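*Asks:* Generate the whole structure from the sequences, applying the supplied hints.
2 protein chains.
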Amino acid sequence: MEVEERQTRKGKYAADISSIKEAEARIRPFIHKTPVLSSESLDALSGRRLFFKCELFQKGGAFKFRGACNAVFSLHDDQATKGVVTHSSGNHAAALSLAAKLRGIPAYIVVPKNAPKCKVENVKRYGGQIIWSEPNMQSRESTAAKVLQDTGAVLLHPYNDGRIISGQGTISLELLEQAPQIDTIVAPISGGGLISGVALAAKTINPAIRVLAAEPKGANDAAQSKAAGKIVTLPETNTVADGLRAFIGDLTWPVIRDLVDDVITVEDNEIIEAMKLCYEILKIGVEPSGAIGLAAVLSSSFRENPAWKDCSHIGIILSGGNVDLGVLWDSFKR
Amino acid sequence: MEVEERQTRKGKYAADISSIKEAEARIRPFIHKTPVLSSESLDALSGRRLFFKCELFQKGGAFKFRGACNAVFSLHDDQATKGVVTHSSGNHAAALSLAAKLRGIPAYIVVPKNAPKCKVENVKRYGGQIIWSEPNMQSRESTAAKVLQDTGAVLLHPYNDGRIISGQGTISLELLEQAPQIDTIVAPISGGGLISGVALAAKTINPAIRVLAAEPKGANDAAQSKAAGKIVTLPETNTVADGLRAFIGDLTWPVIRDLVDDVITVEDNEIIEAMKLCYEILKIGVEPSGAIGLAAVLSSSFRENPAWKDCSHIGIILSGGNVDLGVLWDSFKR
Chain W
1 MEVEERQTRK
11 GKYAADISSI
21 KEAEARIRPF
31 IHKTPVLSSE
41 SLDALSGRRL
51 FFKCELFQKG
61 GAFKFRGACN
71 AVFSLHDDQA
81 TKGVVTHSSG
91 NHAAALSLAA
101 KLRGIPAYIV
111 VPKNAPKCKV
121 ENVKRYGGQI
131 IWSEPNMQSR
141 ESTAAKVLQD
151 TGAVLLHPYN
161 DGRIISGQGT
171 ISLELLEQAP
181 QIDTIVAPIS
191 GGGLISGVAL
201 AAKTINPAIR
211 VLAAEPKGAN
221 DAAQSKAAGK
231 IVTLPETNTV
241 ADGLRAFIGD
251 LTWPVIRDLV
261 DDVITVEDNE
271 IIEAMKLCYE
281 ILKIGVEPSG
291 AIGLAAVLSS
301 SFRENPAWKD
311 CSHIGIILSG
321 GNVDLGVLWD
331 SFKR
Chain H
1 MEVEERQTRK
11 GKYAADISSI
21 KEAEARIRPF
31 IHKTPVLSSE
41 SLDALSGRRL
51 FFKCELFQKG
61 GAFKFRGACN
71 AVFSLHDDQA
81 TKGVVTHSSG
91 NHAAALSLAA
101 KLRGIPAYIV
111 VPKNAPKCKV
121 ENVKRYGGQI
131 IWSEPNMQSR
141 ESTAAKVLQD
151 TGAVLLHPYN
161 DGRIISGQGT
171 ISLELLEQAP
181 QIDTIVAPIS
191 GGGLISGVAL
201 AAKTINPAIR
211 VLAAEPKGAN
221 DAAQSKAAGK
231 IVTLPETNTV
241 ADGLRAFIGD
251 LTWPVIRDLV
261 DDVITVEDNE
271 IIEAMKLCYE
281 ILKIGVEPSG
291 AIGLAAVLSS
301 SFRENPAWKD
311 CSHIGIILSG
321 GNVDLGVLWD
331 SFKR
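So the sequence lines, in the order shown, correspond to chains W and H.
At position 192 of the first sequence (counting the first as 1) the number is 192 in UniProt numbering, and the numbers step up by one without a gap.
At position 319 of the second sequence (counting the first as 1) the number is 319 in UniProt numbering, and the numbers step up by one without a gap.
Treat the hints as calculated values from the structure; they're not laboratory data.
These numbers come from a predicted model, not from an experiment.
Heads up, some of the hints might be wrong.
When chains are identical, the list treats them as one kind, so a pair holds in a single copy or across two.
[As the list claims (entries may be wrong)] Mimicking DMTMM-like on lysine to aspartate or glutamate, the simulated pairs with C-alpha atoms at most 20 angstroms apart in a straight line are:
(1) K276 / D258
(2) K21 / D78
(3) K117 / E280
(4) K124 / E40
(5) K117 / E236
(6) K124 / E280
(7) K117 / D310
(8) K217 / E267
(9) K33 / E174
*Replies:* What follows is the structure, encoded as structure tokens:
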């Protein structure tokens, strides 16, 4: 099935508008159609009209449930019964646990020991079985490999998978229906599952739409990859945005290369300022990774770039809200 | 005009379904149609299906903008030019400032010196002119009287006014369109402007709907008034819910007496627990007064009351989100 998904069904990319529409029909009974908020205060501050797509209100507190739900409900019954496994410190893990619970199958989640508390709590709340690993990729992968061997479960990668990309792409279907005047979409980039789904759907619906990625300077592999014309990985990452430390995958890269118009990088203090604005003005608790789109739109590198001068109606994907309140408060006091 | 509003236009009450529908048409260009959120986790916790009407996303961060906007845009031009005045520590002040700004008239706001910082900031942000008073009703009233004399502005009471009540009632029109399956509405009660508008509209649309007020035990004048069959005021109030310390007015009382089915009182710690759930599960920053509806639905006095056993689809009005993050965090740590 994976092989089929990766090689034969789609054309150039791992997903397309029809796999995204299929995903939409498949996950519709399970997901929240998230609202779009707006604020004249933030419009004034940015000098644009902003449309905040509130994926932090998605089940599990992040957009990840769309992809996880599509992947889990795409499995044949005989595959599904043995369960699913992933190694993820964050929102994909909770989302996969919830999707598996809805399908009535086990979810095995390999979690590094330094994962944020509220994200681990989310996994537990949704019935995921936690298997601890050391906080490095080697330990995570070897632990996951052992779980696969022991259980016969299906590994579901957090982003490098056509079913995941298709699920995330359903955000564009909703957003462009809710706010058809949008001429630009800004989304966070980490492994690229979100933005590649979003770009594939949005650019098929309206090829003139600009799709911009927002990335922390301390984990700027996407910006470097775009500049180099090939996937670049980094020896280490350093950012407050714990959800944005992954590197682009071989299935998301072609979409990012071809359909993402630019990568806007921002400093951690800009991310924190954006979180603060979300809390104070929009009244919502957005995690650092989730607030980065607003940070990008308010950044001088975006505002002063003549290429984006006529981006007047901007959809910003607030991708998640899983942040411990104490952490939020501490970061505001810095 | 006030006299007209109070005595001749309406029947038994200071507002009715037609004044509420007129308000809806008048304020529609200015207000946000706020979304309704739901959460299976909170449904499971409460044993009911809950529909959260997010008035914290209203302009100014609270439902108050509906009433203020209706009142300000109801004024004749010759009345309006001299401006509006109110004495309010909170959300009504910000809402009135914003409504006045939209109409291009001055707003004079008498604010007690102990008002929460973020609420004062909101008044300033919307261009209201702050006039400080001592933190007691006498000083607030005498200061307001002086402003009235000096400016010739119109006094707009935060709740004891048919135009305000009509504006707040537009919430029910939206909510029952967004979630028609609702059989019960729970709203905070302070002076009663919100709940009387909500009850008048909801019970006209569907007389079988239950309308329940949520009130802090430390400011339980509504519960006492309902029990006594007449308006009761208290020598003092003591609650974390700074927006719920006002007493019922003579225009809101008849509606509360006749159309509010019960008053559910809750302890401050239940309010704080509800705020915490709103933050952790719904990902939204609700102020104490705003979270009390959820606190009421989770309280044992509600759950164990056989009269409310068949309240299965409950609309909860999350009335405002103006809370300093530091205060929110401190209250969680108590």
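*Asks:* If the cutoff is 20 angstroms on CA atoms, where do K276 and D258 land: within, between, both or neither? Let me know, please.
*Replies:* neither (33 angstroms within a copy, 43 angstroms between copies)
*Asks:* Which holds for K217 with E267 at a C-alpha limit of 20 angstroms: within a copy, between copies, both or neither?
*Replies:* Within one copy, since 6 angstroms is at most 20 angstroms while 46 angstroms is not.
*Asks:* Given a CA cutoff of 20 angstroms, do K124 and E40 count as a within-copy pair, a between-copy pair, both, or neither?
*Replies:* between (39 angstroms within a copy, 15 angstroms between copies)
*Asks:* Up to 20 angstroms between alpha-carbons, please classify K21 paired with D78: within, between, both or neither.
*Replies:* Neither: 25 angstroms inside a chain and 56 angstroms across chains, both beyond 20 angstroms.
*Asks:* Quick one: K33 to E174, C-alpha cut-off 20 angstroms, is that within a copy, between copies, both, or neither?
*Replies:* both (7 angstroms within a copy, 18 angstroms between copies)
*Asks:* Check K117 against E236 for me: Cα-Cα at most 20 angstroms, and say if that holds within a copy, between copies, both or neither.
*Replies:* neither (22 angstroms within a copy, 41 angstroms between copies)
*Asks:* Regarding K117 and E280, is the shortest C-alpha distance of 20 angstroms or less found within a copy, between copies, in both, or in neither?
*Replies:* between (24 angstroms within a copy, 12 angstroms between copies)
*Asks:* Please work out whether the CA atoms of K124 and E280 approach to 20 angstroms or closer within one copy, between two copies, in both situations, or in neither?
*Replies:* between (30 angstroms within a copy, 14 angstroms between copies)
*Asks:* When Cα atoms must be at most 20 angstroms apart, do K117 and D310 count as within-copy, between-copy, both, or neither?
*Replies:* Classified as neither: same-chain Cα gap 41 angstroms, cross-chain 37 angstroms, threshold 20 angstroms.
Comparing the model with each earlier hint shows violations of hints 1, 2, 5, 7; every other hint is respected.
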